[in-house]
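Asker: What follows is each chain in one-letter form.
2 protein chains.
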Amino acid sequence: MIESLNEAFCTLPGVGKKTAQRFVYHLLERNREGGLNLAKALVDAMEHVKHCSSCRTLSEKDICNICANNNRTNTQLCIVETPTDIHAIEQSSVYKGKYFVLSGYLSPIDGIGAAELGLDELEQKLHQQDVEEIILATNATIEGEVTAHYISNMAKHFDVRITRIAHGLPIGGELEYADINTIAHALSGRKDYGG
Amino acid sequence: MIESLNEAFCTLPGVGKKTAQRFVYHLLERNREGGLNLAKALVDAMEHVKHCSSCRTLSEKDICNICANNNRTNTQLCIVETPTDIHAIEQSSVYKGKYFVLSGYLSPIDGIGAAELGLDELEQKLHQQDVEEIILATNATIEGEVTAHYISNMAKHFDVRITRIAHGLPIGGELEYADINTIAHALSGRKDYGG
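Protein chains in written order, with the numbering used here: chain A, 1108 to 1302; chain B, 1108 to 1302.
Don't take each hint at face value.
The list makes no distinction among identical chains, and a pair is therefore deemed to hold if it is satisfied within one copy or across any two copies.
Stated by the list, open to error - Subject to a maximum C-alpha distance of 27 Å in a straight line, what follows is the list of computed DSSO-like cross-link-like pairs (lysine-lysine):
#: 1; residue 1: 1298; residue 2: 1125
#: 2; residue 1: 1147; residue 2: 1157
#: 3; residue 1: 1124; residue 2: 1263
#: 4; residue 1: 1125; residue 2: 1232
#: 5; residue 1: 1147; residue 2: 1124
#: 6; residue 1: 1168; residue 2: 1124
#: 7; residue 1: 1298; residue 2: 1124
#: 8; residue 1: 1298; residue 2: 1232
#: 9; residue 1: 1168; residue 2: 1263
#: 10; residue 1: 1263; residue 2: 1157
#: 11; residue 1: 1147; residue 2: 1168
#: 12; residue 1: 1157; residue 2: 1298
#: 13; residue 1: 1203; residue 2: 1125
#: 14; residue 1: 1157; residue 2: 1125
#: 15; residue 1: 1125; residue 2: 1168
#: 16; residue 1: 1147; residue 2: 1263
#: 17; residue 1: 1125; residue 2: 1147
#: 18; residue 1: 1124; residue 2: 1203
#: 19; residue 1: 1298; residue 2: 1147
#: 20; residue 1: 1298; residue 2: 1168
#: 21; residue 1: 1124; residue 2: 1232
#: 22; residue 1: 1147; residue 2: 1203
#: 23; residue 1: 1203; residue 2: 1168
#: 24; residue 1: 1147; residue 2: 1232
#: 25; residue 1: 1232; residue 2: 1157
#: 26; residue 1: 1124; residue 2: 1157
#: 27; residue 1: 1263; residue 2: 1125
Treat the hints as calculated values from the structure; they're not laboratory data.
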């Protein structure tokens, strides 16, 4: 029983044997109620959380809170890889449009193509809705760039502005410690300085 | 629902908001079955794991496997702070005696006294059983040392050898990187060199 709980914890990302053991003994020795609460929360979430039928993010409702919010414009559509990316962007509080979640990136070798990323749905959205701008916010990895490129090719056929989030030095970051790719992007993406 | 699962994960030791989020999205997006398994393992363990009535370690049975093993001698009793310590010692495969788990250390300020550590049971054990040696394997912290000292005082009244596990440089460790307390212990605990 202790061993199976250990193994179950090991399936979590980044959790090895030692960490799992620490979780197990903590719960058994100090917080059994917390362990039962966690079990209940797990069952609730695994059985009832689904995907928003509009933006494909994880949601308890058929339409997620962001898609259902009429104060947010439908004219901007931000394309992200994962639901956590939405969470990160929302925390900056500067974006007031809607989202579309790919749940991954194009990876034909793993059998992840346009259909798996919901690009058909995205195309439909561009047909039916008054989207004026799509913001490609996939990660700055090779896979993220390829996916962004693919989507921009698809979106070209619509009357829509296609933008990509900026890449460069993080705020508070120092040139000295930045990696060469970031510096290259920061230089090639330089802007006129308004003072 | 997603939020409550997040919070439930945050009660685990060393798990913050970001890690909890990573767990939640991993399970929801990639491994819902694993999430339900984890929930089941949690309920099983929280409801059925108890303490061994002989050595106080966590166990599914009334008497744990080590205590029930007749191939292990009753003459040696190793006193440890937690069940994980037993696991660590067992992995070295050099100890063939029994254990006694304190489940903590003496800490009067937190209301943890001799009774909470089961020292009455330990005393009874020394009365009733043929223990010839007790090995104090509490941690080399101030609390662990105080606890070891308290137990050795108690055990003095019995005809029993009292030993403490050795402290010094870890195998493979280098003097250059050892902390001063370890070096001090390594020097004061030096032994005649047999070659």
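Asker: All hints, please: hold or fail.
Answerer: Each hint tested on the structure:
no. : hint        : result
1   : 1298 - 1125 : neither (49 Å within a copy, 33 Å between copies)
2   : 1147 - 1157 : both (17 Å within a copy, 21 Å between copies)
3   : 1124 - 1263 : neither (49 Å within a copy, 39 Å between copies)
4   : 1125 - 1232 : neither (47 Å within a copy, 31 Å between copies)
5   : 1147 - 1124 : both (24 Å within a copy, 19 Å between copies)
6   : 1168 - 1124 : between (36 Å within a copy, 23 Å between copies)
7   : 1298 - 1124 : neither (49 Å within a copy, 35 Å between copies)
8   : 1298 - 1232 : neither (32 Å within a copy, 78 Å between copies)
9   : 1168 - 1263 : neither (32 Å within a copy, 67 Å between copies)
10  : 1263 - 1157 : neither (31 Å within a copy, 64 Å between copies)
11  : 1147 - 1168 : both (19 Å within a copy, 25 Å between copies)
12  : 1157 - 1298 : neither (42 Å within a copy, 65 Å between copies)
13  : 1203 - 1125 : between (43 Å within a copy, 24 Å between copies)
14  : 1157 - 1125 : between (32 Å within a copy, 21 Å between copies)
15  : 1125 - 1168 : between (37 Å within a copy, 23 Å between copies)
16  : 1147 - 1263 : neither (47 Å within a copy, 49 Å between copies)
17  : 1125 - 1147 : both (24 Å within a copy, 21 Å between copies)
18  : 1124 - 1203 : between (43 Å within a copy, 24 Å between copies)
19  : 1298 - 1147 : neither (52 Å within a copy, 55 Å between copies)
20  : 1298 - 1168 : neither (42 Å within a copy, 69 Å between copies)
21  : 1124 - 1232 : neither (45 Å within a copy, 33 Å between copies)
22  : 1147 - 1203 : neither (34 Å within a copy, 41 Å between copies)
23  : 1203 - 1168 : within (21 Å within a copy, 57 Å between copies)
24  : 1147 - 1232 : neither (37 Å within a copy, 40 Å between copies)
25  : 1232 - 1157 : within (20 Å within a copy, 56 Å between copies)
26  : 1124 - 1157 : between (31 Å within a copy, 22 Å between copies)
27  : 1263 - 1125 : neither (51 Å within a copy, 36 Å between copies)
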